[in-house]
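Going line by line, the protein sequences match chains V and H.
Sequential numbering of the first sequence, starting at 0, is according to numbering that gives the first Met the number 0.
Sequential numbering of the second sequence, starting at 0, is according to numbering that gives the first Met the number 0.
Quick caveat, the hints were computed from the structure, so don't treat them as lab data.
A portion of the hints provided could be inaccurate.
Among the chain V residues that face chain H by a calculated CB cut under 10 Å, a handful are [what the hints assert, rightly or not]: (1) Met-0; (2) Tyr-42; (3) Thr-51; (4) Met-58; (5) Ile-71.
Where a beta carbon is used, it is the ideal one built from N, C-alpha and C, also for glycine.
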Amino acid sequence: MRFWSKGLGERELDIELDKSDIVKEEGKAVLRGTLKAPVTWNYEVTLFNEDTAGIFRVMFSIPGIVYFLKNISGVGTFISKRGEMGPQPAEATATAATGAKSKPAEGKASDSKAADLQPAEAATKENTDS
Amino acid sequence: MKVWSKGLGKQALNADWFKTDVKLEGKTLLAKGIVRDKGIIWDCQFTFTEEDIPGILRMMMSGPVLSLLARNIMVIFPSTYKRIIKREAGKEKSKKRPAGVSK
Numbered sequence: 000m001r002f003w004s005k006g007l008g009e010r011e012l013d014i015e016l017d018k019s020d021i022v023k024e025e026g027k028a029v030l031r032g033t034l035k036a037p038v039t040w041n042y043e044v045t046l047f048n049e050d051t052a053g054i055f056r057v058m059f060s061i062p063g064i065v066y067f068l069k070n071i072s073g074v075g076t077f078i079s080k081r082g083e084m085g086p087q088p089a090e091a092t093a094t095a096a097t098g099a100k101s102k103p104a105e106g107k108a109s110d111s112k113a114a115d116l117q118p119a120e121a122a123t124k125e126n127t128d129s
Numbered sequence: 000m001k002v003w004s005k006g007l008g009k010q011a012l013n014a015d016w017f018k019t020d021v022k023l024e025g026k027t028l029l030a031k032g033i034v035r036d037k038g039i040i041w042d043c044q045f046t047f048t049e050e051d052i053p054g055i056l057r058m059m060m061s062g063p064v065l066s067l068l069a070r071n072i073m074v075i076f077p078s079t080y081k082r083i084i085k086r087e088a089g090k091e092k093s094k095k096r097p098a099g100v101s102k
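Construct the entire structure; sequences and hints are all you get.
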């Protein structure tokens, strides 16, 4: 899943749902993990009770159903790779270390230099590098 | 839904899935909406590609998400009413300028 917001500039957060750590916290469902390279920022997606209506709405919308049917082969991939999914050991450790309590003010991400940059700075750095 | 990443600094963006426009482009699903955080209102977009299907299934079938959906299953009725009768679903549209008012 890719997430873009105006505040991120031209960058998109590339979230690998199949590698996220999904936990239940105080009635909420929390997904944590590390974004796909090149920028290895930690992320956290929190689903609240109030999100249920929106989730059902997208799931049962015509585009949502057609999207699922068009990509039905993904079900086979899900079944065949079910055991391999979930956070990798290193990611799980990093996620546990940077859990919700340390976010968002002091989220300790990876060692990557890009991780310490703000989106605009990171984008500029990439452009310079290339 | 709240999205936070280190790249967002101290901000955690709140997105409302009920207020998104869902569109299909080829095999890609786009959900366009707005995110809010302390007075900030930004456009946002979620993109789901073919490769996301296994991850979505895993997420939807995980205990925490199943439990969340099951506990709130009753919202289907009011939300269907809002969506079909009141037509409140979808991205909020900007208010139109009254007729006869020039720029």
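Tested hints:
no. : hint   : in the structure
1   : Met-0  : 5 Å, holds
2   : Tyr-42 : 4 Å, holds
3   : Thr-51 : 4 Å, holds
4   : Met-58 : 8 Å, holds
5   : Ile-71 : 8 Å, holds
Every hint from the earlier list agrees with this structure, and none is contradicted.
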